[in-house]
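What follows is each chain in one-letter form.
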Amino acid sequence: MIKNKSEYLINRHDNQYEVVIGLEVHAQVTSESKLFSTSATKFGAEPNTQVSLVDAAFPGMLPVINEYCVKQAIKTGIGLKAKINKRSVFDRKNYFYADLPQGYQISQFKDPIVGEGKVILDMPDGQKEVGIERLHLEQDAGKSIHDLDPKNTFVDLNRSGVALMEIVSKPDLRSPDEVNAYIKKLRSIMRYLGTCDGNMQEGSLRADVNVSVRKKGSKDFGTRCEIKNVNSIKFMQMAIEYEANRQVDLIEDGQTIDQETRLFDTKKNETRSMRSKEDAHDYRYFPDPDLLPLEVSDDFIENLKSEIPELPDEKKKRFIEKFKLSPYEANILVSDIETSNYFENVIKKSDVKLATNWIIGELFAALNEKNLEITESPISAGNLSKLINLIKDGTISGKIAKTVFEQMMEGDKDPKKIVEEKGLKQESDPKALEALIDKVIDDNRDKATEYKSGKVKLFGFFVGQVMKVSGGKANPQLVNEILKKKL
Amino acid sequence: MSDITKQSLSELVENIKSKKLSSSEVTKAFVERSEKSKELNAYITEDYANALNKAKKFDEKPNLDLKLPGIPMAVKDLFCTRDLKTTAGSKILNNFVPTYESTVTQNIWNEGAILMGKLNCDEFAMGSSNETSFFGNVQNPIDKNLVPGGSSGGSSSAVAAQLTPITIGTDTGGSIRQPASFTGTVGLKPTYGSCSRYGIVAFASSLDQAGPMAQNVKDCALLQQVISTYDEKDSTSIDFKRNEYSKELTKDIKGKKIGIPKEYRVDGMPKEIEELWKKGIEYAKDCGAEIIDISLPHTNYALPTYYIVAPAEASSNLARYDGVKYGFRAEGENLIDMYEKTRSEGFGAEVQRRIMIGTYVLSSGYYDAYYLKAQKVRKLIKNDFDDAYKKVDAILTPSTPSSAFKIGEKTNDPVSMYLNDIFTVPVNLAGLPGISIPAGHDAKGYPLGLQIIGKAFDEQNILNIAYAMEEKINFKNNITDWWIK
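Protein sequences appear in the order of chains V and W.
Sequential numbering from 122 applies to the first sequence in the working numbering.
Sequential numbering from 167 applies to the second sequence in the working numbering.
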């Protein structure tokens, strides 16, 4: 039997438990204005400066759907290979809270805009398909700020009415690693599409995590708990780990799991009960009578399809087929649209293999060290391309290239200029190299004799000496060839 | 010129256009009469000084091409008016001053009319007698201690008493037509989607519709022409070709087929209503119309359907009045306590009753049995009308099952109060236009109205029928100015 390497199981005594996870991701739609009003959506604005009369639910104010947000949701649906529903309905989800001015959230309950779809995950032991249950559009609420005043709560309505896509997965995920891969893939697809910036620090992407456990091999689902509003992948993984173990402990202890909503305490690394099923809100969903059912035509959907760029799965396939990249390399390069754009710009005029290695190796390490995104890279794609060409045509060695690269990281300088200014050009003249090598052999007569008598390991010593004397500029390949002859 | 306030809108417009009257003279006349009529309690907010100023300004540079040049007008206090308190008849909005204007009122001011003040109404338009208003009862000018109908009771009283030449109301289940019927005036509920709901305090979004109230059909048509516009700010506003209702108004209704629905002969209907209806049929025949018996088989279910759909929507629409952002707030120990105190003290009994009914019918476990079923019945009711309109051009019914009743007579019996809407509610459920015109008096001398229901977007046709019948009926309202000392 082939053992699934990434299988995530919780062991207790003689029992093995499988963890079943489903995610409800709330992704903020990239849009200048809100779902039902014309207010701006810019992050970080002064509190209550991006609030219209509609957002603040003044008497007689009415919602008007923002067509752009509808397009964004449909595009996302297309990106998730999902069914687009030509007719969808906005419902009111009724509950009272200080940051919910209308006293209801406009959402889609029975008839969402997007139906079933799928997301492909690249796991270490192969691909995994995760089902998408649905995607619907809804309004965000405002923000309650409880810690500015000992007695009062402050409310910021800037976020009130901002468009969100709630993307509900099927309970297909089985481990924190898969959750990590799923969120990253979802984020990547939406960033390719330009439908959500995926910025988790700014709250553009958050998730409710549904977790249950069952004995390995069982076909029935266990009772699930929903962990509300987790806003980083790390916290999602921690919450799942804690929650799954908590549930297993309960089962092992002969107790039952209550279906409930739980909160993840990031400081204590634990989940705790927020409300039980009995206390669950009755949201009294009903179709919003202020809005007609949303109907889109086939043409409308087809037009949007024509606007869909090449997505990560297709791009990966192309990179492997056309550029002969390994699946591992392709995965890394397509994971982010900016990285793949950068890569494609570099290889326009330079060697693919070298470009792949330099981007995945040196560039990522250097960016990581400086905590920069690829879009903030001090080295432009054009200049990296030039550097690679200098290596390829033998102007500089790989080792010198690293020195040049370091200098390029300090500011986007032309590598040719750096090489010229610092005299780093590789020495590839056989005559000049011969002279150098003769001198090195001459200076190390005793070692040359040892080499000739069979101590072949000393070859490396001579290469090193030549490189040292040349200041690292000697063409290593030629040095090897000439040395072999001379020794 | 004497008796300015006795003039119809059309006469006033004519006299201002021909410079026989200035806006100031007209406005002053209506302001003075309004001031002498405080006992009717038709106004919630008076804005007379501003009105007189605006009239003066109008006269300095009169634009006589407008449809309502310098005409003063008071409007129902459900329409948000910029910088003037808008209460919806409720304590919870007692201090609310909008920074914006409803589309319907904006259309009116754009045509040169001048706001005189805000008229009393049932709280959030929930009522049939104006008795649920936080600002007190309104007197019907027909007789002391008689309700003016509701919810547009301040509007009907003000038009009948000639405190305003015309006005606008809103009609969710009969709130324009029933008070018009009770006060001997004309009230039109347009097709759903004809007048924008933007800036109107919402009661039940799928039923609410603004409409004109006037002394006669012609004035009603003129005002309808002004207020009915397509509005992108209201997603349920409909972009259809609107007639020039007053210009196209005609008394020639020869050959029009008018349906008489047998289901409207309800049990226990007073004899005088039955007789009024018969008389109406004769008038219609006299005008050259053809009378056809029709059936609207689901009529019986209209009232229960309405009293599920309307409260359901209201319970959600009124959730925004929570004391957090604007309006009345009662202090509380915490958020929930503040909500409970604010809403218990801020809303009156009838509003609370409907919020509770609405919350109940939308609750999980009851939704299918009530709300969903009501929506299905609503569809059947609409189908009834669609079927009927294959045979007829319009439908004639009484407006109400009785004449106006005494203040306090029905306040302790909500169901008997709800029965007032029995003839008007189906029209809202089907989204159709309906007009009430005064057609006679009962034994007590109180006015009675007839309702003409039209096809969707066919306001012109029912206005024409009403215009023709109005001439035959030749109704005279008997108003004695009893309240003026």
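I should point out that these hints are in silico values taken from the structure, not numbers from a laboratory.
The reader is advised that the hints may include incorrect statements.
Below, simulated SDA-like cross-link-like pairs (lysine to any residue); rule was C-alpha separation at most 25 Å, straight line [stated by the list, open to error]:
| id | chain 1 | residue 1 | chain 2 | residue 2 |
| --- | --- | --- | --- | --- |
| 1 | W | K491 | V | Y216 |
| 2 | V | K202 | V | Y216 |
| 3 | W | K548 | V | R208 |
| 4 | W | K507 | V | N565 |
Here are some chain W residues the structure puts well away from chain V; computed CB gaps all over 10 Å [as the list claims (entries may be wrong)]:
| id | residue |
| --- | --- |
| 5 | A254 |
| 6 | A370 |
| 7 | D433 |
| 8 | K445 |
| 9 | G454 |
All C-beta atoms, glycine included, are put in the ideal place defined by N, C-alpha and C.
Against the structure, the hints:
1. W/K491 with V/Y216: OK: W/K491 and V/Y216 at ~16 Å, within 25 Å.
2. V/K202 with V/Y216: 33 Å, violated
3. W/K548 with V/R208: 22 Å, holds
4. W/K507 with V/N565: 98 Å, violated
5. A254: For W/A254, whose nearest Cβ neighbour in chain V is about 7 Å away, the distance does not exceed 10 Å, so it is violated.
6. A370: 7 Å, violated
7. D433: 32 Å, holds
8. K445: 38 Å, holds
9. G454: 39 Å, holds
In terms of the numbered hints stated before, the structure departs from hints 2, 4, 5, 6, listed from lowest to highest.
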